[in-house]
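Trainee: Below are the chains, spelled out letter by letter.
There are 2 protein chains.
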Amino acid sequence: MRVSDYFLPTLKDNPSDAQIASHRLMLRAGLIRQMASGIYSWLPLGLKVLKNIENIIRSELEKSGAVEILMPTIQPADLWRESGRYDAYGPEMLRMKDRHNRDMLYGPTNEEMITDIFRGTVRSYKKLPHILYHMQWKFRDEIRPRFGVMRGREFLMKDAYSFDIDEEKARYSYQKMMVTYLRIFARLGLTAIPMRAETGPIGGDLSHEFHVLAPTGESAVYFDRAFYNIKSLYDENPEFDHIESVYKEVTKYYATADEQYDEDEFFSRVSEENRVIGRGIEIGHIFYLGTKYSSAMDAIVIAPDSQEVPVHMGCYGIGVSRMVGALIEASHDEKGIIWHKDIAPFHIGLINLRQGNEATDAACEKLYQACINAGLTVLYHDTDDRAGAKFADIDLTGLPYQLIVGPKGAEQNMAEVKIRATNEKREISVDNVVDILRGEIL
Amino acid sequence: MRVSDYFLPTLKDNPSDAQIASHRLMLRAGLIRQMASGIYSWLPLGLKVLKNIENIIRSELEKSGAVEILMPTIQPADLWRESGRYDAYGPEMLRMKDRHNRDMLYGPTNEEMITDIFRGTVRSYKKLPHILYHMQWKFRDEIRPRFGVMRGREFLMKDAYSFDIDEEKARYSYQKMMVTYLRIFARLGLTAIPMRAETGPIGGDLSHEFHVLAPTGESAVYFDRAFYNIKSLYDENPEFDHIESVYKEVTKYYATADEQYDEDEFFSRVSEENRVIGRGIEIGHIFYLGTKYSSAMDAIVIAPDSQEVPVHMGCYGIGVSRMVGALIEASHDEKGIIWHKDIAPFHIGLINLRQGNEATDAACEKLYQACINAGLTVLYHDTDDRAGAKFADIDLTGLPYQLIVGPKGAEQNMAEVKIRATNEKREISVDNVVDILRGEIL
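Chains A and B, in that order, are what the protein sequence lines are. Position one of the first sequence corresponds to residue 1 (our numbering), numbered consecutively onward. Position one of the second sequence corresponds to residue 443 (our numbering), numbered consecutively onward.
The set of hints was computed from the structure by calculation and includes no laboratory data.
Listed next, the stretches of chain B that the computed footprint assigns to chain A, with coverage defined by at least 3 CB atoms under 8 Å from CB atoms of chain A:
hint, stretch
1, 446-459
2, 484-491
3, 505-514
4, 538-550
5, 553-564
6, 577-583
In silico DSS-like cross-links for lysine-lysine, where the CA-CA straight-line distance does not exceed 27 Å:
hint, chain 1, residue 1, chain 2, residue 2
7, A, Lys127, A, Lys63
8, B, Lys505, B, Lys673
9, A, Lys51, B, Lys493
10, A, Lys48, A, Lys341
11, A, Lys63, B, Lys493
12, B, Lys490, A, Lys138
13, B, Lys673, B, Lys690
14, A, Lys63, B, Lys490
15, B, Lys493, A, Lys138
16, A, Lys51, B, Lys569
17, B, Lys493, B, Lys783
Heads up, the beta-carbon is just placed ideally off N, CA and C, and yes, glycines get one too.
This is chain A alone, in the form it adopts within the complex:
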């Protein structure tokens, strides 16, 4: 993509109302634009990041056997009256009446709706288990939306729901999703720590939150550093038959967020040199729900012994739009964002230091086409802006590789490659550079 054809409204100055780095950088790099308090449009760069995250989540969920559907945003209140949550849910629920005066709401979550789909379609244990998921915009009318997409009102969430014939199988689904989540976060370049959590009003008796460390995290977190050493357990294509042992291993270390923190336990279970105390951003939350929704809403299946039993459910959420903010909080510097190559909106920022210089333009065009032909995505900064402004733009947008060509390099048939994260620079022949980048990126 050429910047001259693109829609890339970067800002030179820091927006005054943005308090944290991710919010500031998302506005400055032209990823998002605020439409109302806590409601954002996703501009081209931001949307590409959002979709890259979606696709990583989708591919790991599909490997786990989960099946994608899509539920609507607007829900009838009557469904929520069945579970008892319509009145229980507070002012965070966006409520409205349709033209026939029926109570409707903008879904803040989808337990009721998925239970309705299930009870209308599945009757026998023979069709179980099922894990269904969707990625859809949700709305929670936060009293004080802030931190950009980290605490917005309209937000994109991936929510999955498992259905099993009994508690034992439902706990296995829960374990499978725990491992799948750890794999998703690892592919996003994050170490996310599962922390035993309270279930709260959603119900059930087993729950974990996943936190990534960042100084701006909303919760204090306390955990055993040993967790960092077990990444290979879930990261290297685990056989799904070993789920139970992987689950046991990843949950055996002490890890809690502030609500459940118990200093005595932390000190007794974790040796001094292993104690990590930090701040965490919650990026996922999983629950074993039991039969709370299925009992209330008559989601009944025939068991092997011909008895009618309520189905056992679990629910599993990842904040997809919030993840964009969390990734930036975890990876940026004073110049801007630093994307992991699998999440970056483009792999490469191609910088022409002297637009209009014949040899430079020709070298850049050649490299631009060669990158595209090699399957690399490239943002070609081809405007008349001076070099400094182009460097600032490309640093700000966080593309992992920069490919820089000026008149001198063009003459000598050389390009400079800069790694955004490390600032490492290399001079490489124009003839070889795309092959080399391809090897490192794809």
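Fit chain B to the known structure of chain A by using the hints.
Mentor: For chain B alone, coordinates are given in the frame of chain A:
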């Protein structure tokens, strides 16, 4: 995908409340499920179709230079007060108040919001032209939702908006989108006829609707058969420099929907043997808007002569979820849906006629893996259902190719290939069949 692992709730009987074929078949084949009047969940098969359509639209729009963004579903009423449409829009607008008592609405369309994004980011003619598009759920509170996704309340729409410095350039953008639309519809397997239309309350003075013919179409349409002969004009990678001549050609034939129909003109301009009178389903609508929104909302750019002028806009819509219904209306038979291979949820339905028979199971497994390795998508009907039920399921879901293996075929190393659309059958060796299918499908 194996049916035993999938979520495919097909129905044997016709739902009583579905009046037209697409609605009936989408419910029966397990593509959608109704959540409230005019509000649907998309089940796995339906969602795959929806995404295939999205991807075809996206790829043609990108070729035209349009850039994708994503606007939110919830909009502040104040934006619509600026254009004067907040009060003008009738009860089809879903309105609500947030917890701070601010008037909000669920976007039925996005002219105001895109104008707000534009005015906040673009100041100079040097950054023009721009065509921005998004695909997002919209809500129109139809008084009588019906015909399934054809006239739903929550629906997926692709809307694009063009921004140009003057009327001449804006009309060129309009022409480019006209040609892009014809290419999109052709890739979806449809001949869509552009019909001169009234602009109505959206504004502007130039507009075309795109209709596909179907007996259940909502409008009477009248056009010159000659239109069918000019498909090659836009279908074969047109150079975008020839846009104006292609546009001239595709709009020169008489074609109107009932509102603008004039019998005298139809009879005088179209020879008797060329007159087509039928019913049309509207699947797209394009408008040249002029400066209606930019003037009202101060979307001003600096022109080459340093004057401040309101930007000239166009808007371009395709009903994406409605398209699923329109495609089925245009292509089905008494057994079910018949998908075009580029839109089908899977290319191939693999039918095991005797699950549990060792040789048949082995042949099917081999074919299943070979299809996947060849890059073909395949739904393997691997349940214990009897053969008749499997045929009925696969016919109903409309997969373009069926690959059928029974005990006798497995013994002789032969599979049967059936083309869903024509019922044509071939016996092909298990060793060659995947290569042959790959050649026909990819």
